[in-house]
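Top line first, the protein sequences correspond to chains A and B. Take the first sequence: its position 169, counted from the start at 1, is 168 in numbering that gives the first Met the number 0, and no numbers get skipped. Take the second sequence: its position 116, counted from the start at 1, is 115 in numbering that gives the first Met the number 0, and no numbers get skipped.
Just so you know, the hints here were simulated from the structure itself, not pulled from any lab data.
What follows is a list of derived Cβ distance ranges for each label pair:
#, chain 1, residue 1, chain 2, residue 2, range
1, B, Glu-381, A, Gly-133, 34 to 40 Å
2, B, Asp-165, A, Lys-11, 53 to 59 Å
3, B, Arg-20, A, Arg-39, 42 to 48 Å
4, B, Arg-158, A, Gly-133, 44 to 50 Å
5, B, Ala-65, A, Arg-30, 35 to 41 Å
6, A, Pro-34, B, Asp-46, 30 to 36 Å
7, B, Lys-387, A, Arg-166, 42 to 48 Å
8, A, Glu-89, B, Asn-82, 37 to 43 Å
9, A, Pro-34, B, Asp-165, 20 to 26 Å
C-beta: ideal position from N, C-alpha, C; glycine also.
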Amino acid sequence: MAWIVKPSATMKTPGRAEPYLTADHRAQYERDILPRYADRQGALLPILHDIQHRHHCIPWQAMREVAEFLGIAPSEVLDVVSFYEEFTTEDHRRGKYTIGICQSIACEVCGHPALLDHLRARLGIEPHETTDDGRFTLLAMECLGACEGAPCALINEDRHDNLTIERLDALLDRLP
Amino acid sequence: MPVTEPVLTRRIPTAPWGDPRDRRIIGYDEYVRTGGYETLRRALTMDPSSLVQTVKESELRGRGGAGFPCGLKWTFLPPPDGNRRYLAINCDEAEPGTFKDRLLCDYDPHLVLEGIAITCWACRLDTAYFFIRGEYHHQAKIVERAIREAYEKGVFGGRGLMQACDFKVDCHMHRGAGAYICGEETGLLEAVEGRRGWPRLKPPFPAVKGLFGRPTIVNNVETLAAVVPIVDRGAAWWKSMGTASSIGAPGSYGPKLMGVSGHVNRPGVYECDLGIPLRKLVDEFAGGMRAGRRFKGAIAGGVSMGILGPDQFDAEMDFDIGRRYDVMGLGTACPTIFDDQTDMVAVARNISRFFSNESCGQCTPCREGAQWMYRLLCRIEEGDATTKDLDLLNELAGSMGIIPGTTICGLADGHNWAVRTILNKYWAEFAGRVKPSYHGLTVSAGRADGVSSARIVGATGA
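Just chain B, same shape as in the assembly (with noise of 0.2 Å):
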């Protein structure tokens, strides 16, 4: 079933419901107005076990890129110990194509703020980092008010709604500078103890030994936005909306926030349900192409997920998208569309470029390979490789990362899927730019003493 009814966008005007012009930060007086903390209130009064079935129930899969399911998540925790235990927000979004995160921080911080209360009370946790990239500076100023409006009118810090259960919660934020491994999750928690943003070998996982060597739960901004609405309204009503696998994945449930970049007349931030095919996504709520071109290829959600490739226009927006379309995953859902006119090889040196820029330093695959990949496509932009050079662009990029098995983390997938999906999605481009690396070779036959004269007489294409 779509989505009839904007859900994470209740008061964020977006369209087809609203007018983004109207948009406006919602300060906590109308939050409340407008129902807002009802749901904590509601779940203050309910067993946490009940409120992770919940959400257990509701399928509910992590909407920062990777799509584990959130509710699966929470229950690796240990059993509360008296200790310290962490929620680690991660609001790190570097991924270039991904704006969704920051609609909710602009415009209507208190959702999240309301799904970090009610997750920390049903996992049980005690603080919370709300991890902020850098760069979002004005997003920072925003969340940063709304945590102390929080404070003030007893959301959190133990006051107000949490004393008559006996349960404090703190919520902080930590800023990030700069360093797109910090959406790492092991990678943010570095960040937030005050190192380089080096992820971590796993195991042991952040459940049980994350933040200061406690058991900590990481999750996105926008999963933790959703928590709101399953726990208000029930996991089936959430569940009405989007779609199961067609192939015995676990489902792609629930609106998903989707933001459409590039060669489109209105990109922005939408609320469509999970499964909306890209064509449906740019023609009915991003305004079609840009100057009536035609569709060339997508990144499928964030640059890391690989592209979409001209005849996968039709391809569904859900989490079954990276086995049927041949991408690495949904990522994000944040596509980033082509048109005809786009110059796939530059597309490629760009995106290769951020992961060389970006790659922490940590594994050799990732360091070096990203920069001798960024050489080679900077190389066949330019007109100067080989036939050959497309070869081991493959083979380079299909070295490395954590499906090969030679690096930690998946910054190196993201650039392995990246550059493969679109040399093998536009190959014909590819060739086109290279020298033939063979050399012609003319033989000579019919020699009297038998003796054939192969000679080689250089590469011929150049």
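Bound conformation, chain A alone (with noise of 0.2 Å):
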């Protein structure tokens, strides 16, 4: 959970003139999303969960149109996006695939460390970073919940356990 201290007056966000929330997807968060909670802002994790899997990130325009969408204040939508792991702003963008290495105590003491340096040297990136062609995002993550096939990864949504360092370059090379 990063503390990330900005100057607010000053800062200037980038924004773009066509909206992140088209008329179809307030619709359909009108219909499937906002029913479900006692009031607006509780369908806030459920809607940045969408647009997260849509843009790989949450842009600050976005983060604008949905506080306006749900009533509350654009500094409420950036409290939540800067505290969730699963949530990154622009400037954080992750790449078309994440790789999170589980570095939780039965991957490491099962050989996660190996398989962290090995995607360090193949894709020349540190943790929490992306590769310059956007292609990959390297992230060391805490325990996945399969500590019986440590080491395990995920790669975007898909885990895999009992990982190996050829099993792991297999893995990435049959990415499309």
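Each chain sits in its own coordinate frame; assemble them with the hints.
Spelled out as structure tokens, the structure:
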């Protein structure tokens, strides 16, 4: 959980003419998500999941649009985005493939450091960085809840267990 | 009495009753064909308060880590006032070493959903949020599909089963987004309300003022799954498994899912009776130590519970373990086993990194203390620390948490216990990695003028 301190009064955030939340999205959220919660803010996490999934980040303008849509302050949206590790701001846009190597205890004693070092060398990036071509983001994640298959990793939404360097290479080579 | 048949894993082949390779997702039709939702049907003909009484008599203790008696928690609810009351299902299984709830979500989601429906009926709750951690993408899809099926077949939504008793339960999936702290019950509530998962000060407890300011019960996935067999077969049957407390505490009854990981031959989730010795769990269920190595230690059940030392391999896995073996508690009963080649300093450093990453930042002792402890442990691991750093580590660890009274939630207690138990049970290993911090003192005695000439000669170990 990072603490990001920025001069908010003078901070300029990029935007674009075309809205991120189209009328279709708004209608879909109104129909599928909002009725589930007692107030509009409850829908914030599901909506942010949707935006993160589509854009690999939560653009600044999208935060303002979501705030306006839910009737909350943009700062409250940023508050949530900056707290949860799955949501990233525009300057930390995730790559096409996010490779999350589990670094928690069972994976460490079963050999995750070798996997992480291998990916550092192969991709030329450190954990929490993205390759210049925007293809891979490397993450060192906390426990993925698959300790019986340690060491394990998430590649986008798929988990792979009992990894070796060879298996990991084969998985990455197969990615389109 | 030991568990003689699979209870929670009835439909999930698990050793010794089945082969894990035969596991598959149990859909609604197969679930019903094998007797599923019959218990709910029967429960709906019963008085809700009698169901609460049954669960209370079974002495079912929460399976999420704290071991709080489930029936007692349910009785904290105020009487219904016609407005909304919530159930929050805690599937934020993010504690390193823990992966037992995943098994139920992966293969038998309807068992959990049936438990949810029965609980909602028993406690008069009308909306359930299935909070699942963000990293469980696959499991979220399975459970979401199961919820959809359950709506179609009239388990939820007030048609079908519930119609006869004029009761309507809604169940929604709510995905987390990668924050361990959302497994804390009030942090979870904040996340469902669309805010950062900062735990709330208690009281008021969630049962009185929880989600959206309304009465809320927060239960773990496995606890809710256990409600089904308890209501089905009664409290006496449930209490025939497991063990009574040997120290006068509430008992540890029923079967428990135990996930064994680390240096064992067959890591995985097994269903055992509470009170099984760790050695038996490792040798009989998990296939013994990997490569025939010797046991060096084990995380009791999720890293926050602390460590069982080399002489505690025979510890009984029940809710008394905390008081008898100097760990915080049973936790989720998912031990991670370490063999004799494990570097315990590295284990402590890894666990400390976890807590410093996952501290939510709300309370200063945890936010700052976690970072300091992690840095100290890194220094010890690199051989760059001195003996007094070990004392500093102990002191820092002991200063943070609910037990010393400096934080809002128990995350810092987990960090505190994990580091202190590892440090104290493997003191020699830590002491061997640090330089002595005293300064050698030479005193040249016997000066004629009687003035002693103490001289500091500098750190001797450097």
